[in-house]
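K.L.:
Chain by chain, the residues:
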Amino acid sequence: MRRSTIRTWYLVHKWSSIVPTVFLLMLCLTGLPLIFHDEIEALEGVDYETALPGAPSAESGVPLDTMLETALAERPGEVPLFMAFSQESPLLTVTTGPTPDAASEDMTLLFFDRATGESLGPAPGGGVMDFLLQLHTDMFLGQPGMWFLGVMGGLFVVALVSGTVLYAPFMRRLRFGTLRMDKSRRVGRLDQHNLSGIVILAWALVVGGTGVINAFADPLTDAWREGELAAMTAEHGGAKAVAPADYGSLDAAMAEAHTVLPGRNPQFIAFPGGGWSTARHYAVFFQGDRPLTEHLLTPALIDAASGELVDARAMPALNQALMMSKPLHFGDYGGLPLKALWALLTLATIWVLWTGVLLWWRRSPGEVERRVAEIHGGAEGQLA
Amino acid sequence: MKPFAPSQGRRARQGLTGVFALPLVLFGASLAGLILGLTGEGAPDVLAWALLSLPVFAVCVAWRRRGRSSSPKKDPT
Numbered sequence: 001m002r003r004s005t006i007r008t009w010y011l012v013h014k015w016s017s018i019v020p021t022v023f024l025l026m027l028c029l030t031g032l033p034l035i036f037h038d039e040i041e042a043l044e045g046v047d048y049e050t051a052l053p054g055a056p057s058a059e060s061g062v063p064l065d066t067m068l069e070t071a072l073a074e075r076p077g078e079v080p081l082f083m084a085f086s087q088e089s090p091l092l093t094v095t096t097g098p099t100p101d102a103a104s105e106d107m108t109l110l111f112f113d114r115a116t117g118e119s120l121g122p123a124p125g126g127g128v129m130d131f132l133l134q135l136h137t138d139m140f141l142g143q144p145g146m147w148f149l150g151v152m153g154g155l156f157v158v159a160l161v162s163g164t165v166l167y168a169p170f171m172r173r174l175r176f177g178t179l180r181m182d183k184s185r186r187v188g189r190l191d192q193h194n195l196s197g198i199v200i201l202a203w204a205l206v207v208g209g210t211g212v213i214n215a216f217a218d219p220l221t222d223a224w225r226e227g228e229l230a231a232m233t234a235e236h237g238g239a240k241a242v243a244p245a246d247y248g249s250l251d252a253a254m255a256e257a258h259t260v261l262p263g264r265n266p267q268f269i270a271f272p273g274g275g276w277s278t279a280r281h282y283a284v285f286f287q288g289d290r291p292l293t294e295h296l297l298t299p300a301l302i303d304a305a306s307g308e309l310v311d312a313r314a315m316p317a318l319n320q321a322l323m324m325s326k327p328l329h330f331g332d333y334g335g336l337p338l339k340a341l342w343a344l345l346t347l348a349t350i351w352v353l354w355t356g357v358l359l360w361w362r363r364s365p366g367e368v369e370r371r372v373a374e375i376h377g378g379a380e381g382q383l384a
Numbered sequence: 001m002k003p004f005a006p007s008q009g010r011r012a013r014q015g016l017t018g019v020f021a022l023p024l025v026l027f028g029a030s031l032a033g034l035i036l037g038l039t040g041e042g043a044p045d046v047l048a049w050a051l052l053s054l055p056v057f058a059v060c061v062a063w064r065r066r067g068r069s070s071s072p073k074k075d076p077t
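In order, the protein sequences belong to chains A and B. The opening position of the first sequence corresponds to residue 1 in this note's numbering, with each subsequent residue numbered one higher. The opening position of the second sequence corresponds to residue 1 in this note's numbering, with each subsequent residue numbered one higher.
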């Protein structure tokens with residue numbers, strides 16, 4: 001690699017790292033406890049997912065219309081926005097709000113046991129985990145905060161790629177895994193930085209990349225609603241708004257949807273007028289029927305007034321990728337050992353960031369040229 | 001060591017393949033582990049854990065061997 005090429009990559013790596021470092025450290029530190037949110041919530045005694053006995057709410061239980069009535073009785077004057085199902089327990093959640101297009105901060109999430117039909121009260125919230133999640137998602141700055149963190153994640157990906165490019169010339173004369181701790185502190189740190197960075201590369205690219213996708217998820221959902229969903233309804237006479245008072249039976253809608261997607265379990269129902277449906281339809285989101293396709297949702301649109309099925313069409317590839325990217329970002333899909341590995345790899349990421357900060361902080365004048373020369377010549381045992 | 005190998009006077013150089021051989025193995029193993037974990041419960045999960053623990057294992061091995069300024073042992077030919 002030519003010296004000037006190395007110089008360019010070095011500067012790309014330097015700046016794409018320095019700019020987002022503080023935010024990436026925050027994301028790692030808040031993400032660490034979030035990996036174990038299920039376990040932490042279970043300790044706090046709010047883990048209904050494993051505590052409730054009975055059939056999964058996605059499969060059977062008290063009729064949905066009865067469940068919705070119970071929910072609305074708890075929030076008089078409000079309208080239903082979402083009903084979500086569990087694939088493991090009778091837990092069923094209903095989200096209500098003052099209007100069909102209510103903003104997320106005005107929504108209320110209620111928990112129910114679909115096996116008994118009993119209310120479990122409002123979802124516990126406002127705890128430490130909620131605070132961490134909010135900080136991790138948008139730093140309490142709403143949509144702009146989310147996009148900002150998305151851009152920081154993008155820079156992280158650039159830093160990973162440029163770091164890998166520089167790894168090649170630097171390591172020409174070193175064995176994989178060399179940690180020259182017997183040399184100067186800087187050399188030891190640099191080797192630790194390079195080794196941790198290269199071994200976490202795949203994981204960090206996946207978690208970083210899916211984090212960026214999640215940060216820009218809302219526009220993707222909007223695009224799907226305004227494109228695909230609008231096309232589905234346009235073919236069936238448009239989507240004239242239907243008032244909450246005229247909403248028809250949910251059980252009938254679900255039965256209708258099952259005629260085209262038999263044997264599939266629903267994940268959630270989006271009520272008319274919100275971000276996930278049209279002004280006129282119930283959108284029932286069904287999971288795939290195999291483990292691999294479980295995270296890929298197929299929405300079925302049902303006319304909320306007449307109960308007639310409009311269409312069921314898989315979401316576009318980009319939105320499918322978005323669905324897949326959630327578990328891949330959270331690491332909560334493969335049991336406790338996977339979560340433990342997720343935590344270890346997060347710690348390794350913190351180490352890469354921290355050694356990177358130290359390498360930059362302890363630099364001396366004229367360091368760019370000397371570092372470029374070091375990478376260009378390939379690091380050696382005697383170089384210190 | 002092959003006889004009559006030209007002496008370079010410096011430590012042996014590796015090509016791109018040499019530099020990236022192990023990192024590529026770890027990269028592939030991590031990706032396979034991440035995706036396998038998504039595909040099902042039971043055996044795929046266990047395999048996913050095994051594959052994804054390889055990067056952590058690599059760091060542990062390197063840490064145990066730290067301190068030596070090692071480089072490829074083979075002479076270039």
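Bear in mind the hints are in silico, worked out from the structure with no lab data behind them. Each residue gets a CB set at the ideal place from its N, CA and C atoms; glycine is no exception. Wrong hints could be hidden among the right ones.
[To be verified] A few chain B residues that face chain A, going by a derived Cβ cut-off under 7 Å, partial list only:
1) 17
2) 19
3) 25
4) 55
5) 56
[Said to hold, decoys possible] Calculated pairs, SDA-like style, for lysine to any residue (alpha carbon to alpha carbon, straight line, at most 20 Å):
6) A/326 x A/362
7) A/326 x B/32
8) A/183 x B/66
9) A/183 x B/62
K.L.:
Kindly indicate which numbered hints from before are broken by the structure, ordering the numbers from low to high.
P.N.:
1, 3 and 6
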